[in-house]
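A.B. asks: Take a look at the letters that make up each chain.
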Amino acid sequence: MSNVEIGMGQPNAALAEAERRARADRAKKAKRVESLKLNLYRVLLIGGFLLLWEFASGRLIAPFFISAPSAIFRRLYGWIASGDIFFHMGITATEALSGLLLGSVIGIVVGTILGMRPFLARLLDPIITTFYSLPKVALAPLFILWIGIGIDMKITFTAAIVFFLVFLNTYTGVRNVSRELISILYLMGANEMQVLRRVVLPSAITWVFAGLRISVPYSLIGAIVGELMASNKGLGALLVRAQGEFDTAGVFAALVAIMALAVIFNMAVRRLERKLMPWKQAEQDQQAAV
Amino acid sequence: MSIQMSGTKPKAVTGSLISFENVSKTFELADRSVAAVENVSLNIKRGEFVVLVGPSGCGKSTLLNMTAGLFLPTSGRVFYDGTLVTGYNLKTGYMTQNDHLLPWRDVVGNISTPLEIRGMARGERHDRVAHLIELVGLVGFEKSYPSQLSGGMRKRTALARLLAYDPETLLLDEPFAALDAQLRLNMQIELLRISRSLNKTILFVTHDLDEAVALSDRAVVFTARPGRIRQISDTPLPRQRDLAGLRRDPAYTRMTAELWDLIMPTLNETRGEAS
Numbered sequence: 006m007s008n009v010e011i012g013m014g015q016p017n018a019a020l021a022e023a024e025r026r027a028r029a030d031r032a033k034k035a036k037r038v039e040s041l042k043l044n045l046y047r048v049l050l051i052g053g054f055l056l057l058w059e060f061a062s063g064r065l066i067a068p069f070f071i072s073a074p075s076a077i078f079r080r081l082y083g084w085i086a087s088g089d090i091f092f093h094m095g096i097t098a099t100e101a102l103s104g105l106l107l108g109s110v111i112g113i114v115v116g117t118i119l120g121m122r123p124f125l126a127r128l129l130d131p132i133i134t135t136f137y138s139l140p141k142v143a144l145a146p147l148f149i150l151w152i153g154i155g156i157d158m159k160i161t162f163t164a165a166i167v168f169f170l171v172f173l174n175t176y177t178g179v180r181n182v183s184r185e186l187i188s189i190l191y192l193m194g195a196n197e198m199q200v201l202r203r204v205v206l207p208s209a210i211t212w213v214f215a216g217l218r219i220s221v222p223y224s225l226i227g228a229i230v231g232e233l234m235a236s237n238k239g240l241g242a243l244l245v246r247a248q249g250e251f252d253t254a255g256v257f258a259a260l261v262a263i264m265a266l267a268v269i270f271n272m273a274v275r276r277l278e279r280k281l282m283p284w285k286q287a288e289q290d291q292q293a294a295v
Numbered sequence: 045m046s047i048q049m050s051g052t053k054p055k056a057v058t059g060s061l062i063s064f065e066n067v068s069k070t071f072e073l074a075d076r077s078v079a080a081v082e083n084v085s086l087n088i089k090r091g092e093f094v095v096l097v098g099p100s101g102c103g104k105s106t107l108l109n110m111t112a113g114l115f116l117p118t119s120g121r122v123f124y125d126g127t128l129v130t131g132y133n134l135k136t137g138y139m140t141q142n143d144h145l146l147p148w149r150d151v152v153g154n155i156s157t158p159l160e161i162r163g164m165a166r167g168e169r170h171d172r173v174a175h176l177i178e179l180v181g182l183v184g185f186e187k188s189y190p191s192q193l194s195g196g197m198r199k200r201t202a203l204a205r206l207l208a209y210d211p212e213t214l215l216l217d218e219p220f221a222a223l224d225a226q227l228r229l230n231m232q233i234e235l236l237r238i239s240r241s242l243n244k245t246i247l248f249v250t251h252d253l254d255e256a257v258a259l260s261d262r263a264v265v266f267t268a269r270p271g272r273i274r275q276i277s278d279t280p281l282p283r284q285r286d287l288a289g290l291r292r293d294p295a296y297t298r299m300t301a302e303l304w305d306l307i308m309p310t311l312n313e314t315r316g317e318a319s
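Residue numbers (the working numbering), protein chains in the order written: chain A, 6 to 295; chain B, 45 to 319.
Among the hints, erroneous ones may be present.
Said to hold, decoys possible - No more than 20 Å apart at the CA atoms, straight line, and that leaves these computed lysine to any residue pairs for SDA-like:
#, chain 1, residue 1, chain 2, residue 2
1, A, 285, B, 141
2, A, 238, A, 41
3, A, 285, B, 116
4, B, 187, A, 185
5, A, 34, A, 51
6, A, 280, B, 149
7, A, 33, B, 192
8, B, 187, A, 281
9, B, 187, A, 238
10, B, 187, A, 23
11, A, 238, A, 210
12, A, 285, B, 135
13, A, 280, B, 153
14, B, 187, A, 81
15, A, 285, B, 188
16, B, 135, A, 25
17, A, 285, B, 149
18, A, 285, B, 153
19, A, 280, B, 147
20, B, 135, A, 186
21, A, 280, B, 191
22, B, 187, A, 287
23, B, 135, A, 29
24, B, 187, A, 196
25, A, 33, B, 191
26, B, 187, A, 29
27, A, 285, B, 90
28, A, 238, A, 88
29, A, 285, A, 210
30, B, 135, A, 194
31, B, 135, B, 90
No wet-lab data here; the hints were simulated from the structure.
Note that the structure is a prediction, hence the values are computed from the model and not measured.
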């Protein structure tokens, strides 16, 4: 071997990389076939259930209790045609989303600070634990007294629920950052802000997203419960109104709308997650290829 | 970029750059305390390439950690350039056994990290990183995340990152252990060239006695835990040496054999302790 030079390892490495890619491709194809099959079965399952429901309504169980898919669909269609549903969905979405944003931003900031300052964390621990144990729904009357029954009450209420979930996850994430990685960066001459940006936050973000994913349904709980208590707009109010009119189809239709909102929220969080953590995607692909 | 600087700096060998004075380190575990090193005194001159060898767990890495200031000795003192080491020693760059790359940054991002910290302009940074990637043979993997790299490639990325920030003293803990023979030789040649041309001081931990002799100016042999200095050998090779041809050098063979004879009994000791 005459060519003693850096980089001799490359052809082998390139070959291994090509092989890895081919394996990843195969794995991806198999995955696609499987997900197609899954989706087909899902459609069959849900379709079958709806048919059964439609058949049972009025024959086995009174429509007052279970309404019927066709009636629910007609009600939904009516709301869509009149634009009502978009108005109410928009209100609920605004409340849930604003509360989610507000609560998680405060949660991330406080979680990061306490994570970086163990003394402060120990100091505040009993207070935080006490408030965490308090059922947040019990705070709603207080918020109503303070800020009334408008949209800002639902936002505050939602934020209070979301805050704890995101805060606790962020705190745990920051506490779990590898000490060695931090040391290595300090040895490079980094200051605290640089360590925060390059090590602590990227490392904690996995935890933050775990908190955000749990928070999505809770943010909707916050908004809807707030609306159930005191409101005349939003999906929760729609729900209450339908119930008051003994309109079972309307109740179900409102529930469908809430579910749709939850699905959209979840998808948004997952998309954000993929965008902010490209290395996670790489890790997943890697695992699929092995 | 400083690695490309030509010529050699004047060797100002005034006293020692790193000195350990009766250094002992004991780790307190939940149920017992473990003495990692005991009563180590060692002086390392500026520009010297010192290799630490000895059985696993004899506290070689502990000495590197104390040089970097990651923790303090239980007793004794560590000096760097005349000052007591009491915190992060920014004159040192550390490459640990574990490569400690940032999982959320690709190869380029990882190598750039120290340059960003220093505030180097984007253009200059880009050129320097490209050069380093070529140097360690990672062309084509610039956009790969650590999880997508093999163990050897991760080590090379970590080495490139270390060279990128170009510290005065390199603390290397088995940096080449995961590399194949060919690449290891290339990296050794490169490291030796850098250490000579830039007058770097290097503390190098390895289990590989051939590597120890091939690279070192001095080899420090440790006993099994608690690590004590058993012998310090001057390597009988010229500073400018041809690593590829060492196998045929009788002085090299002799010293390697000597280290083997010294280490073998302690190896058996540790094995007996482990089982």
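A.B. asks: If you draw a straight line from the CA of residue 285 (chain A) to the CA of residue 90 (chain B), is it 20 Å or shorter?
C.D. replies: Violated: residue 285 (chain A) and residue 90 (chain B) sit about 43 Å apart, past 20 Å.
A.B. asks: Is the straight-line distance between the alpha-carbon of residue 285 (chain A) and that of residue 141 (chain B) 20 Å or less?
C.D. replies: It is violated: about 24 Å lies between the C-alpha atoms, which goes past 20 Å.
A.B. asks: Given the proposed pairing of residue 135 (chain B) with residue 90 (chain B), does the C-alpha separation stay at or below 20 Å?
C.D. replies: Cα-Cα ~12 Å, so holds.
A.B. asks: Are the Cα positions of residue 187 (chain B) and residue 29 (chain A) separated by 20 Å at most?
C.D. replies: Holds, at about 17 Å.
A.B. asks: Take a quick look at whether residue 285 (chain A) and residue 188 (chain B) sit within 20 Å of each other, Cα to Cα.
C.D. replies: Holds - the C-alpha atoms of residue 188 (chain B) and residue 285 (chain A) are around 12 Å apart, at most 20 Å.
A.B. asks: With a cut-off of 20 Å on the C-alpha distance, tell me whether residue 187 (chain B) and residue 196 (chain A) pass.
C.D. replies: violated, 26 Å
A.B. asks: Can the restraint linking residue 135 (chain B) and residue 194 (chain A) be considered satisfied, given a maximum Cα separation of 20 Å?
C.D. replies: holds, 9 Å
A.B. asks: Tell me if the straight-line CA distance from residue 33 (chain A) to residue 191 (chain B) falls inside 20 Å.
C.D. replies: Status holds; Cα separation ~18 Å.
A.B. asks: Quick one, are residue 238 (chain A) and residue 41 (chain A) close enough, alpha carbons at most 20 Å?
C.D. replies: violated, 40 Å
A.B. asks: Please verify whether residue 280 (chain A) and residue 153 (chain B) have alpha carbons no more than 20 Å apart.
C.D. replies: holds, 17 Å
A.B. asks: Mind checking the alpha carbons of residue 135 (chain B) and residue 25 (chain A) for me, to see if they're no more than 20 Å apart?
C.D. replies: Violated. Residue 135 (chain B) to residue 25 (chain A) sits at ~40 Å, over the 20 Å cutoff.
A.B. asks: Run the distance test for residue 280 (chain A) versus residue 147 (chain B): straight-line Cα separation, threshold 20 Å.
C.D. replies: Roughly 16 Å separates the two Cα atoms, so the pair holds.
In this structure, the hints that do not hold are numbers 1, 2, 3, 4, 5, 9, 11, 12, 14, 16, 23, 24, 27, in rising order.
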